[in-house]
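Visitor: Chains as they are written, first to last, in this note's numbering: chain E, 1 to 630; chain H, 1001 to 1632.
It is possible that part of the hints are untrue.
What follows is a set of in silico ranges between Cβ atoms, one per label pair, in the way DEER data are often shown [stated by the list, open to error]:
1) E1169/H to K552/E: 41 to 51 Å
2) A1370/H to E387/E: 29 to 39 Å
3) R218/E to A1046/H: 33 to 43 Å
4) K552/E to D1369/H: 52 to 62 Å
5) D502/E to A1370/H: 48 to 58 Å
Treat the hints as calculated values from the structure; they're not laboratory data. Positions of the beta carbon are idealized from the N, C-alpha and C atoms, including for glycine.
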Amino acid sequence: MNQTRTSESRDPHEDGRTRMRAVVGSDRIEEEIFGRVFDGKVTRRIWQFVRPYKRQVAISVVTVVAFTCSQLSIPLLIRYAIDNGMTPDAPPGILLKIVALFALVVATNFVASLVQESVTGRMAENVLFDIRRAMFGHLQRVSLSFMDKTEVGRLMSRLQGDVNSMQEFLETSVLAIGDILLLFGIVAAMLWLDWQLALMVLTVIPILLVVRILWLTRARAAFMAAHEANSITNGALAEAIHGVRAVQAMDRASLNAELYGELVDNTLNAQLRASKLAQIMIPIVDALTGSAMGVVAVAGGLMVASQRIEVGVMVAFLFYIQRFFDPIRSLTMQYSVMQRAMASGHRLTEVLDVEVGVEDAPDAHSLGEDDDGSVEFRNVTFGYNRENPVLKDVNFRVNSGETVALIGPTGSGKSSSMALIHRFYDVQDGAVLVGGHDVRNVTQDSLGRHIAMVLQEPYLFTGSVRDNIRYASDWADDEAVVEAAIAVGAHEFIEALPQGYDTMLAERGSNLSLGQRQLLSFARALVADAKILVLDEATANIDSYTEMQIQKALQRLLEGRTGLVIAHRLATIRNADRIIVLQQGRLVEQGDHAKLIEHGGLYAQLYQLNYASFDDLPDELSDEDRTLAT
Amino acid sequence: MEAATLNPQAITKMTNTAHSGREAGADRLFRRTSSVDPHVGLGAIARITRMAFRYPLRAGLALAATVAAVLMQLSIPVILGRAVDRAQAVAEAKAEPETLYRIALLLFLASVARGIFTLIQNYSAESVGHLMARDIRNAVYGKIQNLPFSFHDRTHSGDLITVGMLDLEGVRMYFSTALVRTVLLGLLIGLGATLLLSTNLTLGLLALSFVPFAGWRSTVMRLALRRTWLVLQERLGVLSQVMEENLAGIRVVRAFAASEHEITKFEAASKSALQLSHERIETRVNNTSAMTLAFFAAMGLVLYFGGRQVTSGEISLGTLATFLTFMSILQMPVRQMGMMVNGYARASTCGARLFALIDHESKVENAPDARDLKISEGTLRLENVSFAYNGNSDRQAVSGISFEARKGETVGIVGPPGSGKTTLMHLIPRFYDPAAGSICIDGQDIRGATLSSVRQAVAVVQQDSFLFTTSIENNIAYADPFTRSHQIRDVAESAQLHDSVLGLPGKYGTIVGERGVSLSGGQRQRLSIARTLMMKPAVLIFDDSTAAIDAGTESRIRTALKAYAKDRVTLIVAHRLASLMHADRILFIEHGRIVEQGSHDELLRLGGRYNDLHELQMHPSAEMLVRKEDGR
Ligand SMILES: Nc1ncnc2c1ncn2[C@@H]1O[C@H](COP(=O)(O)OP(=O)(O)O)[C@@H](O)[C@H]1O
Ligand SMILES: Nc1ncnc2c1ncn2[C@@H]1O[C@H](COP(=O)(O)OP(=O)(O)O)[C@@H](O)[C@H]1O
Ligand SMILES: [Mg+2]
């Protein structure tokens, strides 16, 4: 940190605290990256994804065995060639035969490795994509209460990082089988060649194992620290990318660069430490290889000298020792891959096992053309958590074809009640009926087609303007798109865009103004051509004049449809057939404009006071009314 | 190069055949595929290499250790060969058994030395990689933070994340997996070749016969993989964009029961990436297997001809053992040749993209002789300001706007959506530079002032505000994290946020979720007002940033800010006229131009567009609607 800007100079009272405010990246706790080496539940779950590829698994295993055997037999062939083909008394053709055999082994080796690597590689990729598809598909069904509280970034890191480490695991686990085979094969071959010499050589194994185990615990901590530091730094980078406009607006770039530099330095140090620990094993393994070779040189040499073994055996031993440490090395590497994979697998299963929450009933039926567009709330009580309900015992009915305005101050539960109509959440008590059916008894898909919504926050996708307006309404042709755009008064500005309706929107539509985005999301709902149209403050960032034009178009569009409109401005509300007033989760009054004026309640007071918008509740009034309501 | 197979249309075609029907517009999702130019790749490689040698000590040490390790590595087959010969000699009683001990010791020492040199080689090479990564990270971060809005408007955040995280890895690994390994392999083969050829020409040639073949295959592979990497990265980018936008917009997806539509979109992106992944595996496996085959073929030849020479007594068995051991030492690096080539391919694609970002020239930046703004009077003056996005001058978002505001004054701005209000507000803190005209604060053109001083002088409460994933307190203090706690409370009180914060479980320590989802719209806007108030700017801008705050609260905010507003110019964009009625001047903007201006009363008297708005908001009646309809 730059010393001139540290806390002491600015705030002597709260030592340290102020420094803590200067942060980049989120300070969330890192998730565990190493799991148990083996987790039965996770393995079973992942196995479900591998099972469809049983044939490929079988092929990989067979080929990896073939590959290993060919690897193992090469030193034996060399030994045979030396001892039988190169002695002065050897029959003339034998060397050629041995080499022919060698060629056969090499060909096996080639084919086996080709098949094995490509089959395993493809299978791992396929499994990876299958897992990702399953997760993605599952997230499409999981209830919004889960999605509300889960960061997109976190889900993305599971869909990408964790899935990738599963892939690494699948690829290496087949190789691990080969490595284990190779290890046992080498031991067996050496014992077979000469058991005494073999035992002498094999004494290095226990030493290696002990060293390896001691090393592993320390190395793991270092790897974990490096991983953690790295992902904290990456988190800070992601923040800078998403929040770049805020960073520039508040002129934090240079301070942030300084803070980020600290994170980067931490990462560097952790990575250097991990790298040092990773490499320290190399000289140890090499020293052991050297001693093993030394043993062969001395003991083997003496045995050759005393004619106990042939030279070919000694050469074969030397070959085996060269290859001997490779599987041990890669097996310990796979050990950490495996641990990482188990942790990833655990997180993947977590996503796959998130309870769907709001699910279609087994005997759910589809809302169809014959079902009308009525909406009814029967004694509905609902809250995002059980303790504080957002809606309390709400009752109302909207007849098919009616337009109803829902008004009330912010936080009174308007958006929440609209979410219930679409069954984003389930009620705690009472029932919501659409088209005369309890929403819990109809399929969510048909409910979605029955209702079109304009959400409070306009969200647009990367893609053309046309695709955004059409969105999921595959049946809509280009004319329908243009018609909807005209209705919401967006046609004019769309036509003025460089490529008109084919203009590509940037991320979240950021190359449009917020009001324009709101108009597009409005048009999108019109194209969906549903029986019920829900407008949730669809015009908050639009001026009254444009709003009025939309209103006029709406009157036509709403003919024969049910309209549920949440709005602030009186102009919007007045035209509704009926007005429902919500306050603090309760329905306080309802009726048409005239009736409510006559009733002399909250609505009448506001209207008479000429408040332009129902958010314009002066304190005195809402307090007074609060007492009235309770 | 087979450029034809690379262009976006080809990709589109592949996607569409994979998925018939009018699906998802996945074709339109693919962004431009930069054409593959191998020279660009070499340029990037050269630059990465230069970066590595910015750490000459470590890089040099890595290379020196590589040489030493190779020497030790090469000595081992020689010593082994000698061991075999010596064993035979002892058998024939031509040598003392004790000499075997010396050879064993030599073997041990050579192995240990090889291990130590390899350690030094790997560690130094990796630390060069990590050090490079540090430099690149800092450069990328600084660049991303400072590139202007226009850059970020065009660039998808997912692409930047890919560059900053994945491409970084590709470049980091270059030194240790590609460069050092090349040196290692080159030395092994070069020195080994000298050694073998000088020992026995025929056998040497046979032992090395696979090298030209492997070299050829690896070049072919390098080009193929580089191409595949480039396209694959892009497709994976599309895939992650589809997933990310789906999750971020999940409410829309649900509202339209569009999960099938989304899954189709996902499948299309996923299939095209998977297909390419398979191609990549195919290329890699075919080539590495072919290289290994060539290697073993050479070994078979050595075995046969070497065997014949041993039989005929031309060479000793030990020499043959040396040849064979040397080849088995080469086996690993040859297998790793694929990795090495992959490392080059990856580094060149990743490097090219990283450098494209790092070298990107910022259009909005400090002038060479930029000075800090000096605020005295605090007068803001716009003169004939025009601006068009993407430099497209016939589609001006703002054209010919002039106005002046003095310290203590408030200017209100209204207008239909897309009329250019936000754009205008973004010109004042110099998020974009105007195409024509000038913006001056106290007579100093902001283009001549340092960016930092302009940003401190002009603060904007943005329309949709980004909140950081940290505590409320840290968010409020974002502009000045070294402030005192009571100041944080002061601004929170002014923004009418304090009471809401006290209602939260963690008070000021409550962590605000991703993009602030756990706060209500109104709370979010008040938080973003509070953090802007921290800034004490000369010009304070509210860009439609009270739409989710009810008018009562808003008027309390306005009252609380009365004293605050005395010392600065305040600009308010709003649709609710109550928010800007009290302004000293109100500008009505349409199609990027000021069409009416004056005080509230003046504008009402004028009876124009503003007056219409006012009528609509204050006396919404059926007759009004009719009159408006006729009037149009
Ligand atoms: N996804 C959510 N999770 C938890 N609480 C929420 C969520 N959405 C809204 N709330 C809370 O529910 C209450 C009602 O909100 P809402 O229905 O959005 O009101 P309105 O639309 O009338 O402004 C508010 O107190 C709000 O903070
Ligand atoms: N980042 C951008 N890139 C290209 N065009 C843009 C961008 N932002 C806004 N526009 C266009 O500029 C015009 C003015 O937009 P804006 O200033 O946001 O309007 P508003 O008055 O609603 O704030 C609109 O036509 C809009 O489509
Ligand atoms: Mg705007």
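Visitor: Compare the structure with each hint and give your call.
Guide: Outcome of the hint check:
1. E1169/H to K552/E: 41 to 51 Å: violated (57 Å)
2. A1370/H to E387/E: 29 to 39 Å: violated (56 Å)
3. R218/E to A1046/H: 33 to 43 Å: 39 Å Cβ-Cβ, so the 33 to 43 Å window holds.
4. K552/E to D1369/H: 52 to 62 Å: holds (56 Å)
5. D502/E to A1370/H: 48 to 58 Å: Since the Cβ atoms of D502/E and A1370/H sit about 41 Å apart, the hinted range of 48 to 58 Å is violated.
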